[in-house]
Structures are given as C-alpha cells and as structure tokens.
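Chemist: Start from the sequences, fold in the hints, and give me the full structure.
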Amino acid sequence: MSNSHEISGRREFCFTVNGERKTVPAYPMERLLDVLRHQLRLTGTKEGCGEGECGSCAVLMDGILVNSCLVPLLQAQNANILTIEGLAGAGLHNLQQAFLHCGGTQCGICTPGMILAALYLLKKNPFPTIEDIREGLSGSLCRCTGYMQIFEAVEEAARRQTSDEV
Amino acid sequence: MNNSSIVGISVPRKEGQDKVTGRAQYIDDIVLPGMWYGATVRSTIPRGRIKQITFGAEVAWDDYVIVSAKDIPGKNCIALIAEDQPCLAENCINHPEEPILLLAHADRHALAKAVNAISIEYDPSPAVLTLEESERCCDIIWGSDNTFKTYVIQKGDIDSAWAKAAYIVEGEYRTGAQEQLYIENNGMIAWFDPEHGITVWGSLQCPYYVHKALMTLCQLPAERVRVVQVETGGAFGGKEDYPSMIAGHAALLAIKTRKAVKIIYDRLEDMAATSKRHPSRTRHRTAVSKDGKILGGTIDFTIDGGAYTTLSPVVLSRGAIHAGGPYYWPSVRITAKALATNAPPHGAFRGFGAPQSLFAMERHMDRIAQIIGASPIVVRQRNFLKPGQTTITEQAVREPIDLEKLLDRALELSSYQSRKESFAEENESGEIKKGIGVAAFLHGAGFTGSGERYLGSVVGVEACADGAVRVLVSSTEFGQGTKTALSQVAAETLGLGYEDVDVAPADTMEVPNSGPTVASRTVMVVGSLVCSAALGIRHALRQSGWLGDSYSPEEFRAACRNYVAAHGALRSWSRYEAPPDIFWDDEKHRGEAYAAFAWAVYIASVRVDLTTYTVSVDDFVALQEVGRVLHPVLAAGQITGGVAQGIGLSLYEKVIWQNGRMQNSQMTNYIMPTSLDVPPIRVFFEELGNVHGAFGAKGIGELPIDGPAPAIANAVADALGAPCDCVPLLAEDIFDILTTRVATADRSGSPSR
Ligand code: FES
Ligand code: FES
Numbered sequence: 001m002s003n004s005h006e007i008s009g010r011r012e013f014c015f016t017v018n019g020e021r022k023t024v025p026a027y028p029m030e031r032l033l034d035v036l037r038h039q040l041r042l043t044g045t046k047e048g049c050g051e052g053e054c055g056s057c058a059v060l061m062d063g064i065l066v067n068s069c070l071v072p073l074l075q076a077q078n079a080n081i082l083t084i085e086g087l088a089g090a091g092l093h094n095l096q097q098a099f100l101h102c103g104g105t106q107c108g109i110c111t112p113g114m115i116l117a118a119l120y121l122l123k124k125n126p127f128p129t130i131e132d133i134r135e136g137l138s139g140s141l142c143r144c145t146g147y148m149q150i151f152e153a154v155e156e157a158a159r160r161q162t163s164d165e166v
Numbered sequence: 167m168n169n170s171s172i173v174g175i176s177v178p179r180k181e182g183q184d185k186v187t188g189r190a191q192y193i194d195d196i197v198l199p200g201m202w203y204g205a206t207v208r209s210t211i212p213r214g215r216i217k218q219i220t221f222g223a224e225v226a227w228d229d230y231v232i233v234s235a236k237d238i239p240g241k242n243c244i245a246l247i248a249e250d251q252p253c254l255a256e257n258c259i260n261h262p263e264e265p266i267l268l269l270a271h272a273d274r275h276a277l278a279k280a281v282n283a284i285s286i287e288y289d290p291s292p293a294v295l296t297l298e299e300s301e302r303c304c305d306i307i308w309g310s311d312n313t314f315k316t317y318v319i320q321k322g323d324i325d326s327a328w329a330k331a332a333y334i335v336e337g338e339y340r341t342g343a344q345e346q347l348y349i350e351n352n353g354m355i356a357w358f359d360p361e362h363g364i365t366v367w368g369s370l371q372c373p374y375y376v377h378k379a380l381m382t383l384c385q386l387p388a389e390r391v392r393v394v395q396v397e398t399g400g401a402f403g404g405k406e407d408y409p410s411m412i413a414g415h416a417a418l419l420a421i422k423t424r425k426a427v428k429i430i431y432d433r434l435e436d437m438a439a440t441s442k443r444h445p446s447r448t449r450h451r452t453a454v455s456k457d458g459k460i461l462g463g464t465i466d467f468t469i470d471g472g473a474y475t476t477l478s479p480v481v482l483s484r485g486a487i488h489a490g491g492p493y494y495w496p497s498v499r500i501t502a503k504a505l506a507t508n509a510p511p512h513g514a515f516r517g518f519g520a521p522q523s524l525f526a527m528e529r530h531m532d533r534i535a536q537i538i539g540a541s542p543i544v545v546r547q548r549n550f551l552k553p554g555q556t557t558i559t560e561q562a563v564r565e566p567i568d569l570e571k572l573l574d575r576a577l578e579l580s581s582y583q584s585r586k587e588s589f590a591e592e593n594e595s596g597e598i599k600k601g602i603g604v605a606a607f608l609h610g611a612g613f614t615g616s617g618e619r620y621l622g623s624v625v626g627v628e629a630c631a632d633g634a635v636r637v638l639v640s641s642t643e644f645g646q647g648t649k650t651a652l653s654q655v656a657a658e659t660l661g662l663g664y665e666d667v668d669v670a671p672a673d674t675m676e677v678p679n680s681g682p683t684v685a686s687r688t689v690m691v692v693g694s695l696v697c698s699a700a701l702g703i704r705h706a707l708r709q710s711g712w713l714g715d716s717y718s719p720e721e722f723r724a725a726c727r728n729y730v731a732a733h734g735a736l737r738s739w740s741r742y743e744a745p746p747d748i749f750w751d752d753e754k755h756r757g758e759a760y761a762a763f764a765w766a767v768y769i770a771s772v773r774v775d776l777t778t779y780t781v782s783v784d785d786f787v788a789l790q791e792v793g794r795v796l797h798p799v800l801a802a803g804q805i806t807g808g809v810a811q812g813i814g815l816s817l818y819e820k821v822i823w824q825n826g827r828m829q830n831s832q833m834t835n836y837i838m839p840t841s842l843d844v845p846p847i848r849v850f851f852e853e854l855g856n857v858h859g860a861f862g863a864k865g866i867g868e869l870p871i872d873g874p875a876p877a878i879a880n881a882v883a884d885a886l887g888a889p890c891d892c893v894p895l896l897a898e899d900i901f902d903i904l905t906t907r908v909a910t911a912d913r914s915g916s917p918s919r
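Listed in order, the protein sequences are those of chains A and B. With my numbering as the guide, the letters of the first sequence map in order to residues 1 to 166. With my numbering as the guide, the letters of the second sequence map in order to residues 167 to 919.
Hints are computed from structural coordinates only; laboratory data are not their basis. Predicted model, so just to flag it, every value in this text is computed and none were measured.
Residues from chain A that face chain B, not an exhaustive set, calculated with beta carbons under 10 Å:
id : residue
1  : E51
2  : T83
3  : L92
4  : L95
5  : Q97
6  : F99
7  : C102
8  : G103
9  : Q106
10 : G108
11 : I130
12 : I133
13 : G139
14 : S140
15 : C142
16 : I150
Beta carbons are placed, not taken as given, at the ideal position from N, Cα and C, and that holds for glycine.
Modeler: Next up, the structure:
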C-alpha cells in the first residue's frame, strides 16, 4: 500500500487549503492526508487508522466531509479544502469554544476530525436532535470521552450559532 | 483551604486551546532536521528458534541501517520488574510479533518493502496458547511451572464456613483480552550524540520507566538519558510499559545511524504487537447462609500474562485484592496466578486486573441471589462492607461509606423497580427481551500497599522569574486533565489565579520523578505533594521578606519576581512519606492495601434482540463516591469515557486469537463503541468529604471501567433468564448462550444439604 503512490509519475496538483491556493508536486495516488501533513505541514489532521474507520483524518473537501486517508491526491485537484487549522478566525469558532467548555476534548487526537464532522453536521442541519448528532458523528471515533460531552458541545454550539457563523 | 474558589470549578483545560485548533504537537507531528524513519521486523511464529535470516536481493540494503541484538550497547532487556523480555530477540522466539531486527531509512516510504524483503526461517516448537495449556505444564515456556507469580490471600477460618453453609454456590467467569485503542498509535523519536547521550521524545505515560529502560539498554548513566513526553493521544495504560520497547528501538537506531530516528506504528502493528488487557478466569466457591450472608469462600483468579513478566505480577495483585468486591467476607482464600503463554505480553489497561476480578464477583452475586431465591439487591445489601469491618486483606474500613444508601440512590436514579416490573411484562411476548443489572464495586486509589513508599515520589514547585508558578512533575497528561487538576491544586493552595500556575513539560531533565501516571494516583498522591511543595514556596517567600502574611495574587507574583531577581531560581520539593501507622505485608497481601477507596454502584438497562442476537444498552446510571470532585467536567468525562470502554469490553471488543496472534488487528474488525452505540451515560457523584488527597480528592481514572461489564452481563442475564458468565457478549456469544441455556441452567450450583 505504501508504494501505491508511485504508480505513475510525480506531477503538480493545485488546490485551495484554508483559503490559500497551493501547488504541490505529488504522486496522483498519494493520500491527501500525507500531503497535508508532510508537505504542507498542516499536522492538525491526524491519522488514527489509515483505512477510513476512525475519522480523525476528516477534512471538508468542497464542503463535504471526507476521510483524507482515503482520498488520493488526484481527487483533490482544484478542490477547496478546509482543515482544522482553517476553522478559527480572529477568535475560536463556536464549535471550538463549545468543545472546550463542555469537555469535548480530552486527549485531543480525535478532536480536529470530530469538530469538522460536527461542523458538517451543523451546516446540513442547524437544529440537530440528539439522534441527528449521534448519527452525524458516528464516523468519528473517540476513545476518551464516551461521547457524552461531545454531544453536549455540539448541542451548545448549535444553540449559540448565528446564521452567519455556520 | 476551605473557602476554595478554583478547586471544584470546571476551569478551562490547560492545553485545550491547542487541541481544538489542531496546534497541539503529537509525536508524529514533529519533524527533526535530517530525521530518518525506523521500522521493526517481527516474528511470525509463537515459539521456536531462528534458523536463518535472508535479505532479499530486490532491496538496495546499503541505503538502510540495520540493527540486531548484537548492536545493543548494554543489556538486551526491557528493564521493568523482571529482566526476562529482550529488546530484540537473539535466537529464541516466545511470541508472535516479537521484535527481531530494526531498519532505518531516510524515506519513510522505503521501509515497508524492506521489511517484506526479509525472510526468517524458524525451527518451531509447540506453543502454549491458553491458560489451561499453561497450567498443564506439558510444555514449560517460563520458569519451572509457567507461573510468573502466585499470591494467596487468606482471611479467617474457611473450614468452619463450609460447615455452617446453607448453600454452596459455585461459578466460573471469564473476561477476554481488550485493546486499549488509544486513537493515536504509539510513536517515538530518538536522537543520539556522544556527548549528551540519548534523548527520546514520545507518546508515553511514564517518562521515568522509559528512562530506566534506556539506561539499562544503552548502558548510559542517568544524566545521559533524557525522556520527554509530548502530547499523547490517549493511553489508558497502553502506554505504560510498551513505550520503553519502542524508545529502546528508536534509541538503538539513533545510535547506529547518528541521525534522529522516528518510529511510528500503524494501527495494524500497534494492535498486533503491543499489550492488551489480561484475559482472565475466575472461579468462585462460596458458603452462604440461609438468609444470603456470605460466610466465606474460595476465589481462584488466574490471568494470562503472555510471554514475558512485564507488569503481570502487579496486575495480578490488584485483581486479587479487588476480587472480594465491596463485601464483607468473614473468611476467604484467594489464590491468584499469572501464567505464561506464547502471546505478546498482556499489560496495563485502565483498571489493572480489577475489572476482571470484579466482573466475576458481581456476576457471582447475581448467581448467589438466583440460587437462594432472593433478589440481587437484597443479597448485596446483606453483604456490603460497613465502616469498622475489614476487607479481604484485613484493612479496616475507616471511611464513613454507606453502600446501602449509595445503592438506594442508584436504584432510584435508574427507576429500577418500575423497570424491573415493566420489563417482566414486556418480555412475555415479542422478540425483544429487556433486562436490568446492577454492579456494586470499589477501586483502590494509588499504588498498592507499600508501593507508594518504595516509589518515594518527589514533586517540585517553582517560582519563575516572570512571577508565575510552575508545577514540576513527571505525571503526564494524556487526556485525563493532569495539567489542569494539578494547576488547580497549586493555585488553590497558594491563593492564586488558575492562570498564574502551569505544569512544566514532562521532561526528565526538568522534572523530578513523581512516579508513573497510573493507578488513579495522580490527584490523590501527587496532588497532595503539590500542596506541600507549593506551601514551601510561600514559606520561602515569607522568610526572605518578599511576601507578607496576607497577599493578593499580584503581590505574590511580585514576590516571586523579586525573589528570583535577588537570589536566583526558587524551587521547593516535597517527597512522599508513608504515614507511620500503615501496615502492609506484601508476601501475605495483608494490611492496608490502599490509602483510600472509591466506591460505586452502576446500573445498566439493556435490550436483546432475539432475531439478530445483538444487545444494546438503553440507559446507564453511574453513581460513585470519589471524595471531593476537583473539576466536575473533567470528572464526569473520566466516568463517561470509562463507561464507554466498559461497554466495549462487555459487548463489542473481542480479540480473535490464532496461534497467539491477534487476527483482527484493525479498526474494521475490532469494533469499539461509536456515538451510535453508547446509551445516555448518566453520571452522579456522592461526596462524603473525605480527608484523603489534595482537598479530599480520591482517584477517579480507573473506577468507571470496573462496573459496566458486570452490570451489563447481569442485565443481559436478567433479560434472557440465562447466565452470561463471559465477556464480551457478541451476537455469536448470545446465540451460544441461548442454544445452551438448558445445559447451563442446572450447572449453576446447588444447595449443599
Ligand atoms: S485515519 Fe482516516 S479514517 Fe482513520
Ligand atoms: S479525546 Fe481522546 S480520542 Fe477523543
């Protein structure tokens, strides 16, 4: 698997990350996750499993939640990508504040992916029920919290959000 | 200390901002200049000898650095309790996934193909794969009888208990291996320089365990080994002992390459090669009076330690001490054994043996209830420990704990009676069977017996040039909130603001050995030392005249600044002193096992779907007495997290073994609970106002993993009307239970006369 990125030659890929235009030389089958972490040094996106199970590598690609460990760079050509580093503006984003306040982060390794999953959920559904939240976060594993305080954080962020924030 | 303003408040987590913004630096996020990458070549058989190692011609080996056991400068072992585990196997293989060779290369992508190009030929020997095979001693794989350790705890006169018994109740209970499954895999970076020695950065719980192991392995004096913990993405015990192995490997590669070398495990390697919760088997034989009182009994507690000693003796000890649950035993004999098998060594996982033995105890209480025809509630009430009575190690209960009251409150919170009745009605028809189950339990905080005395932990508090206060401890943060809670303790002690205090990075060059971050000891034991070290700072500032009797936080900061400017660094140290009247006999395991216990009653409501054989938990009440709650949000988070892991242990997480190797070492086939699988976990605290620990706090980290498995198994048994004596209970296990219900129902014990 680790050599699959060599299948055809290196070339240049262009995409936008957190509002910035990037051009990187890479193999077409290289994982978006590796390009973000190693080439662009955006290490907020984490690798927990490398097989699409844990969601700690989640980013938004053209507004859709994807596991970046499953995305070959080929697919990211010209895409608009949001990682955790691009979420906070002048201050913390509503969701980041709520995660801090409610105890939604413990060891923190799942947190970037979890927050992006929550962001995606709230974009689609600004007034989620607890069932919607459970469903919306089910692709993101957290081993520390038992999820309760993450649910509370998402509920709190949903309550606090104003229409222009999400 | 009474009009507290910081302790008891949910202040923001110290490193929280970095975590929610993605700025926190975990080991795989760190890149050093010119860094190489390392990989491990491992055994594929459980037992045998290495005959030959062949390096495939397809790889340009000159570009790699290869390390074998011959390259080890010091002793080829991972020094912990015994020195039986090699860092790299030389000749003998004792378990699958045993490290044999190490490779390093400048390109991390170049490693996998090189590992695959190495073929190792073995001369296999018969492997010992189960507790029963290990006991039979047909093949001796460790010592003279495959036994790492035996403890016998004896209290009272059991013979007379048998004679007086109205019932003798027997049962056998088992728990499986469980993977810690921290979401961040293990990883280390090592760097070597002949002058400074070895430096290791990593994801780890116990910097000084790694420090000790590296001194032995690299034959270096203490001052030339430096271990730094970086942000750690979960541990749960899983980063207690194994990181010493990985640090050793990275160090050996760094010494040979003269480069910084990073080793990061992928999920497959992490799951297959590193330690898990010890599988266990517990046999109870209990003498019970006509009205349900325990008169005495025997408990045989046996755990599978895997191939090397590692922490098994300590896990065994904790499991044995908790084996009698929160009950009064007039007499008991506990025989506890840790046995060797040819599996990768099992190790620390939250709870440390107690979840295993408490699962057995709490299932057994329900069996006793069933045999004598009483309710599980009544049987527990009749046997609860009371203040003044003694535990199985003959430790007097001095805390004013009222377990009956705790149970009553839990019953009420879970609507136990009304649910019990409505479930009985609903279960009469349909394919969904509902049940409710109780577990009552305790968990000792801190190291066992004289453990804290041997550790002799040291804590420092420093007044900094900028007026801030820093706590100097090797206690690590891996999600539990160590940094936050210890800062609260120091700030409260000194009357400062929370933001005036921070905790120094866990770097062995900077911080003293405050002991390992395990055993629910950080807040209680280390927290108390932080209090006294902080008071030392205040004393020094007053003595030097920079601080008056009463002061504002700003005056305190000014005093720190002035002191440091005038006299240089100000540090105050505090060392653990065992209370003089504590008695503990380690050989007999008799005496004061723990400075304090946390107590709890958990109640689970479940439904079993008879068409799919799956169990889901509908409601979970977790009520506990943990002394003073220092930080309500962190405390509740510890409980919900532990309960979710316990739900995993009960219903989802099954390690499939084949020839000593985990077959399902992926997140796709080893299933942990997702957000859809957890019930509402309702957390409640009862505060008794104990005097232990910092501001009356007791340990909290491990307690919540003890209760879910028995509460859930009891609930499933209640739903099905059939015993559920092994966890995990996956669909195939529920199917087995239902198809063998008739056979098991009458094996479950009988009146003695
Ligand atoms: S690392 Fe991508 S889903 Fe786990
Ligand atoms: S906070 Fe540790 S895995 Fe979620």
